[in-house]
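Student: So you can see what is in the structure, the chains are spelled out below.
There are 2 protein chains.
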Amino acid sequence: MANDAALNDLADLLGQAFTRSKSDLDLHGRSESHFPPTPPDAVAYPSTTAEVAEIMRICARHGCPVTAWGTGTSLEGQSQAVRGGVVVDFSRMNRVLEVNQADMDVRIQPGVTREALNEDLRATGLFFPVDPGANASLGGMAATRASGTTAVRYGTMRDNVLGLEVVLADGRVIRTGTRARKSSAGYDLTGLFVGSEGTLGLITELTLRLHGQPEAVSAAVCAFDSIGQAVRAVIDTIQIGVPMARIEIVDPATVRAVNAYAGMSLPELPHLLVEFHGSAAGVEEQARTFGEIVQDHGGLGFDWASDPADRKALWTMRHNAFYAILALRPGCRSIVTDVCVPISRLAEAIEETIADLDAHQVTGPILGHVGDGNFHAILMFDPADPAEESRAMEAAGRMVDRALAMGGTSTGEHGIGLGKRGYMAREHGDGWQVMGALKQSLDPANLLNPGKIVPDEI
Amino acid sequence: MANDAALNDLADLLGQAFTRSKSDLDLHGRSESHFPPTPPDAVAYPSTTAEVAEIMRICARHGCPVTAWGTGTSLEGQSQAVRGGVVVDFSRMNRVLEVNQADMDVRIQPGVTREALNEDLRATGLFFPVDPGANASLGGMAATRASGTTAVRYGTMRDNVLGLEVVLADGRVIRTGTRARKSSAGYDLTGLFVGSEGTLGLITELTLRLHGQPEAVSAAVCAFDSIGQAVRAVIDTIQIGVPMARIEIVDPATVRAVNAYAGMSLPELPHLLVEFHGSAAGVEEQARTFGEIVQDHGGLGFDWASDPADRKALWTMRHNAFYAILALRPGCRSIVTDVCVPISRLAEAIEETIADLDAHQVTGPILGHVGDGNFHAILMFDPADPAEESRAMEAAGRMVDRALAMGGTSTGEHGIGLGKRGYMAREHGDGWQVMGALKQSLDPANLLNPGKIVPDEI
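As they're listed, the protein sequences go chains U and P.
One rule links them: number in our numbering = place in the first sequence (from 1) + 277.
One rule links them: number in our numbering = place in the second sequence (from 1) + 277.
Check before you lean on any hint, since a few could be wrong.
Unchecked claim - Okay, the calculated bits of chain U under chain P, using three or more residues with CB under 8 Å as the criterion:
1. 335 to 349
2. 433 to 439
3. 512 to 518
Claimed, not checked - Incomplete in silico selection of chain U near chain P, CB under 10 Å:
4. THR421
5. SER460
6. ASP573
Hints in this document: simulated from the structure, not taken from any laboratory.
Note that beta-carbon positions come from the ideal geometry of N, C-alpha and C, so glycine has one too.
Full structure from sequences and hints, please.
Tutor: Next up, the structure:
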């Protein structure tokens, strides 16, 4: 909890950029997920790193919790200030500072959103490929180690953050990484802060790796009789070295939802959605090779989308699938699972999940990033029906157990936040205690996003 | 220093797998570099993780330093037990434990060498691409965050280690990462241990990402009038998205050395050595595109090596360049620098280095991984001439200052060890203190490879 002394000092520092208005607190207490709202005691809107450092020093002096806020689009309540204190909203630190075209990198403030960055880069021939769906801030995407549909080709935030500027719990400012493409100069601090969900420091600047806009793009959708056939086609495609830019799977329940939502009439079967990037000849070769592999695995014919409008329609359908699923039962809420398994176990993991959900009467259409072995079940429940909610929660837990038994992880891209902390001991064993020791070394007073990621004792 | 109680307990535990013979101590006191030998008090040869954990518990009880040893091929004295104690030699933990072909990953013990692993994988159609030149152990390569000629395409050890088993300073055993392709489940412990040079824990198992053996390979060598032209050709090639598998540069002094060593007659000009991997059509397209770009930048004609024997000769020449350079002055020793800069600054960095070496009468042929912006000058000195040695040391320091001013790093791939610790404060500022805090949280008694990476106070 914040104390009056901290809030007074912050108000003196920030003036109009500090607020305790109810509407602002409510706005920063909500999340995209099913967790109850947690309005903070105050919201700060810094404009500079120096201000963030001073906010941190004030809060350290008074023992006031500090929680970072990007766009509030994280899916596990990462930005919720569960122990009160100050939310630091980075929306005013939203400048693109420096584009280095020859080096294909960019230096930005953390409040720049993914779409704003790509808009800014449009004329350069470069783009930032990580795409979690939401128009999230890049600081938030780094903090949650986000990824999405393009990770199979371009990697996750782990792979695309070259360096950071970070305000530590005591207000010191450090720079991690460099603009060099690689370094072995000591511990990988950049990698440590990426995915730490604001518990180790506040990200005030990012240097990101960019990629060349592909000369040619081609996309397609293809139905299969079974999930196993679809996944085996993808495994073969990866093995042969075809660099798919996206490769997504939707299950029959998701297709049903999309058909109803968008007035489409796709067959109610598992589908793969694929996209290729490269030179014109390269994309053609990739598509041909993929087509042959799909045929070997019983694929039921392709629908190619080579022109931009058709491609946009295809990926809009994919990105709207979540809303299409929610529209199946107006008023329902959902738990969005995020397990990730070795791809050899993916078909089994999805099929066992479908059988489990059927057996326990849980509605949970499935869609996923098949190239990474990562899939989401949207487990729906009526908020007025506690029994249904528990059935959904229990099914989510069994999905995690199944993923861990297969050598996978509880979360491929959504992070821990409030929703997955209960699985940390299971997934990491004593490694979870190691995370706690690291947290304690950098934030001994537990001021940075307390109640997240690490064990409670610290 | 080890005490008798620790050594007695270790001898009881390990029997024949524990030695204090002078030859063994001498062997484990040396390094590939110019640092004076530091024979440890004893050498342990564990066969299992349980033995490593017990060694660590004994040493923790008695306050005895522990330094990990792979093949002793690190270049900055990383394996030298500068404060005595026990060297843990992992050469008996050299089994490939599990190859997962569909998932393209492998689980191994840390003593498996790069060449042994690829020999083992030969029939699978898969390979492990990271290639630092030496036939290093994979545990050691992870510990130093090694890379080499193929990093431009396949990444460094940071990108190719999926998970680790680690014995902590108190003997606890943890597993980091999973076999899933991505995860956002808390702090990236795998990334923290990779590159930590044995200062945070002992790596007892690794899960590595594998890649498909390319269907077609093609390589070439090409001369340019200037380093600037050569680098600009590479920048354009990267921007256009041609996925070069290797792209190396050698300066005229290196060409002179290679000509003398191998009886060749390459023109004494900067050269690029390049290799493409892909499908037959893909490699052909890459080579054609590269050829056009090279011509635009004044490249002086290609010598293609499409058949394996010619390719092998080309890369043997590259790997032997170091020995060719040393042969210029028999009996000399060398400081091998390893700066890495943004590629837009690479030509400038190399040209300024050549001018600086000339001005200070230091002989230092240059070769590098141009796609990463990483290059090595082999600064030679006569061990009997202290003035020449200081000139070489000072030139190395100026190279680091220049790299840092350009947004680069003191070491792209060789790591810190003994040779680069003096640059850590300059490169990381307060970030170096953060590394110290992390070290203290996991190894409060400073038993694991003491004297390396972090500040001395800890």
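Student: It remains to establish, for every hint, whether it holds in the given structure.
Tutor: Structure-based check of each hint:
no.	hint	in the structure
1	335 to 349	violated (count 0)
2	433 to 439	holds (count 3)
3	512 to 518	holds (count 5)
4	THR421	6 Å, holds
5	SER460	4 Å, holds
6	ASP573	15 Å, violated
When held up to the earlier numbered hints, the structure conflicts with 1 and 6 and fits the remainder.
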